[in-house]
Amino acid sequence: MELTFNEVTFIYSPGTPFEFKALEDLSMHVPSGSYTAVIGHTGSGKSTLIQHVNALLQPTEGSVQVGDFVMEAGKKNKNLRSLREKTGIVFQYPEHQLFEETVEKDIAFGPKNFGVEQKEIEERVTNALEAVQLTEDVREKSPFDLSGGQMRRVAIAGVLAMKPKVLVLDEPTAGLDPRGQKEMMEMFYTLHEREGLTTVLVTHSMEDALTYADDVVILNDGKKFMEGKPLEVFKRKEELKQVQLDVPEVLEFLEKVEKRTGISINYEKQPIAELAKELAFRLERRDDYE
Amino acid sequence: MRERIDFSDVTFRYQEDAPPVLKDVDFFIDKGEWVAIIGHNGSGKSTIAKLMNGLLFAESGDVSVDGSVIHTDNVWEIRKKVGMVFQNPDNQFVGTTVRDDIAFGMENHGVPREVMLEKVAEVLRDVQMESYEEHEPHRLSGGQKQRVAIAGVLAVAPDYMVLDEATAMLDPKGRQDILETVREVQEHSDLTLITITHDLREIVAADRVIVMNEGEVWFEGTPREVFAHKDALSTIGLDVPFVAKLTQEMKKHGISFDREPLNHEEMVEELWNLHSTK
Ligand SMILES: Nc1ncnc2c1ncn2[C@@H]1O[C@H](COP(=O)(O)OP(=O)(O)OP(=O)(O)O)[C@@H](O)[C@H]1O
Ligand SMILES: Nc1ncnc2c1ncn2[C@@H]1O[C@H](COP(=O)(O)OP(=O)(O)OP(=O)(O)O)[C@@H](O)[C@H]1O
Ligand SMILES: [Mg+2]
Ligand SMILES: [Mg+2]
Numbered sequence: 001m002e003l004t005f006n007e008v009t010f011i012y013s014p015g016t017p018f019e020f021k022a023l024e025d026l027s028m029h030v031p032s033g034s035y036t037a038v039i040g041h042t043g044s045g046k047s048t049l050i051q052h053v054n055a056l057l058q059p060t061e062g063s064v065q066v067g068d069f070v071m072e073a074g075k076k077n078k079n080l081r082s083l084r085e086k087t088g089i090v091f092q093y094p095e096h097q098l099f100e101e102t103v104e105k106d107i108a109f110g111p112k113n114f115g116v117e118q119k120e121i122e123e124r125v126t127n128a129l130e131a132v133q134l135t136e137d138v139r140e141k142s143p144f145d146l147s148g149g150q151m152r153r154v155a156i157a158g159v160l161a162m163k164p165k166v167l168v169l170d171e172p173t174a175g176l177d178p179r180g181q182k183e184m185m186e187m188f189y190t191l192h193e194r195e196g197l198t199t200v201l202v203t204h205s206m207e208d209a210l211t212y213a214d215d216v217v218i219l220n221d222g223k224k225f226m227e228g229k230p231l232e233v234f235k236r237k238e239e240l241k242q243v244q245l246d247v248p249e250v251l252e253f254l255e256k257v258e259k260r261t262g263i264s265i266n267y268e269k270q271p272i273a274e275l276a277k278e279l280a281f282r283l284e285r286r287d288d289y290e
Numbered sequence: 001m002r003e004r005i006d007f008s009d010v011t012f013r014y015q016e017d018a019p020p021v022l023k024d025v026d027f028f029i030d031k032g033e034w035v036a037i038i039g040h041n042g043s044g045k046s047t048i049a050k051l052m053n054g055l056l057f058a059e060s061g062d063v064s065v066d067g068s069v070i071h072t073d074n075v076w077e078i079r080k081k082v083g084m085v086f087q088n089p090d091n092q093f094v095g096t097t098v099r100d101d102i103a104f105g106m107e108n109h110g111v112p113r114e115v116m117l118e119k120v121a122e123v124l125r126d127v128q129m130e131s132y133e134e135h136e137p138h139r140l141s142g143g144q145k146q147r148v149a150i151a152g153v154l155a156v157a158p159d160y161m162v163l164d165e166a167t168a169m170l171d172p173k174g175r176q177d178i179l180e181t182v183r184e185v186q187e188h189s190d191l192t193l194i195t196i197t198h199d200l201r202e203i204v205a206a207d208r209v210i211v212m213n214e215g216e217v218w219f220e221g222t223p224r225e226v227f228a229h230k231d232a233l234s235t236i237g238l239d240v241p242f243v244a245k246l247t248q249e250m251k252k253h254g255i256s257f258d259r260e261p262l263n264h265e266e267m268v269e270e271l272w273n274l275h276s277t278k
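Protein chains in written order, with the UniProt record's numbering: chain L, 1 to 290; chain S, 1 to 278.
Keep in mind that the hints were calculated from the coordinates and are not lab data. Each residue gets a CB set at the ideal place from its N, CA and C atoms; glycine is no exception. Wrong hints could be hidden among the right ones.
Among chain S residues calculated to face chain L with C-beta under 10 Å, some are [as the list claims (entries may be wrong)]:
#1 T11
#2 Y14
#3 F93
#4 V94
#5 G95
#6 H109
#7 G110
#8 P112
#9 R147
#10 E165
#11 A232
#12 K252
#13 H253
#14 H264
#15 H275
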């Protein structure tokens, strides 16, 4: 399913003292089956943007299209149910999407709500728990009696159990331990590829944007600041600095190496082992490195 | 009496019939130190934080602050000394505006009214939220909430500051800026900083690291000592920073380092030395 934002402006609580314009005249297109990373400084509008995908927020001006579902400013939405069945959002704070008495019920909530058969629900719950690497003994626990990282995993499991076509992830690895961060991102990517999902990832990890995304969109103050292929976007270091963003650590490091030693290495997403080999060869002045 | 936070053989469980989530945890944190507490999800880090300011109490063993064991009757005193920012700041906000929220915390600490407004403005500048004084804390973005929560603890200037993944929603640069601010405070006061974090680059900057695993202290040492255990760390859900990984891989190609680099600067210097002596 493709996503299109057409000149979207969004204002929180218009006409009240809390009025705040969080998105301004924003247009973007996410092709079906692609993986897009959205990045931007604190408060730039990322979470506001993605909440339009399942109509939790409705544009104040402009329109949003998700598959054949169209949301227009000032018009009532029909068929919300079928939209929400297809779009799964992992929220920035897991507490905002957990509410059932037990972990099991929480994960089962989505599929149950959309009329999935009991047997299938059970299967989905088991698979989802496994995918997020929670042990079986948490099933009967209250999701609120868990550690921060465990809660995050339950929230993700709940979205996976819905089997959405569009997967929207808002900082999905915040609070996960280092192994969890890596494995979760790999799991999302495998799912993305295998199920042909359309994936939108909001992240502060420039590394993850570089590793997984086909396209990157950068927001600044509610407006689109830049978009493009990750490697191209991250080359524009000075412009990124203007909007208070850094480049991925590996690029930052290679630049420092070049400045100090004159050794310049072209980064094309090679793994660390490969990078180390290249650096080692160059250090030993074996310039014939291929 | 030493000024420090002291955990002596602390065991804790959330329910009587459940297994303990902390087992004989024993460590201390001296006044003025910066200690990072790390460990896999569910290893007991936040539980430790909550024991440090009397939100939870040990089942056996003692937690003491500057020599006083924490009890139900001294928690209010303890909380003046030990300030805390939680994983999810939503649970922490009390005011209806950002300004009131920060001022409320100061009022509780007996800060005189005259300095309060001045201080609110100052700490909001420190966390780059000066234009949000009038906003409602619950209507902020994820990262803005964290910034405001940190401003709140900066404003009351506690002796011990516990940051439980308090910058997890910030981008790397935002995270660095905040830590620098806190370090500055530490330089001209005797602030003790306890950060609970999964951020490898942040851990490298701490004085000392306590590694938790399944409710037990698994290792205690400097960042360099901790990250020397690369393989063991990965078996308990942790990892080493990019620079440490690169170093290890380069060794496989016959490159030897004078001293294991841990951050970019150290690594680049090592590379420069190797390069110029060739
Ligand atoms: N309120 C609670 N009731 C029951 N068990 C709890 C409660 N809070 C935490 N636990 C359990 O105690 C253990 C330790 O949790 P704690 O929150 O201290 O972990 P943590 O190291 O902070 O993890 P994370 O990195 O995920 O935040 C976990 O197994 C968790 O499930
Ligand atoms: N409910 C609300 N009412 C009023 N303003 C809001 C509300 N929610 C968010 N805002 C404001 O809208 C702007 C964009 O917020 P949003 O949550 O989209 O940012 P974000 O890019 O996700 O930031 P972060 O990286 O910190 O999560 C912020 O300035 C924020 O203060
Ligand atoms: Mg957000
Ligand atoms: Mg925790």
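Status of each hint after checking the structure:
no.	hint	result
1	T11	18 Å, violated
2	Y14	7 Å, holds
3	F93	13 Å, violated
4	V94	17 Å, violated
5	G95	15 Å, violated
6	H109	27 Å, violated
7	G110	31 Å, violated
8	P112	29 Å, violated
9	R147	7 Å, holds
10	E165	6 Å, holds
11	A232	13 Å, violated
12	K252	7 Å, holds
13	H253	4 Å, holds
14	H264	5 Å, holds
15	H275	5 Å, holds
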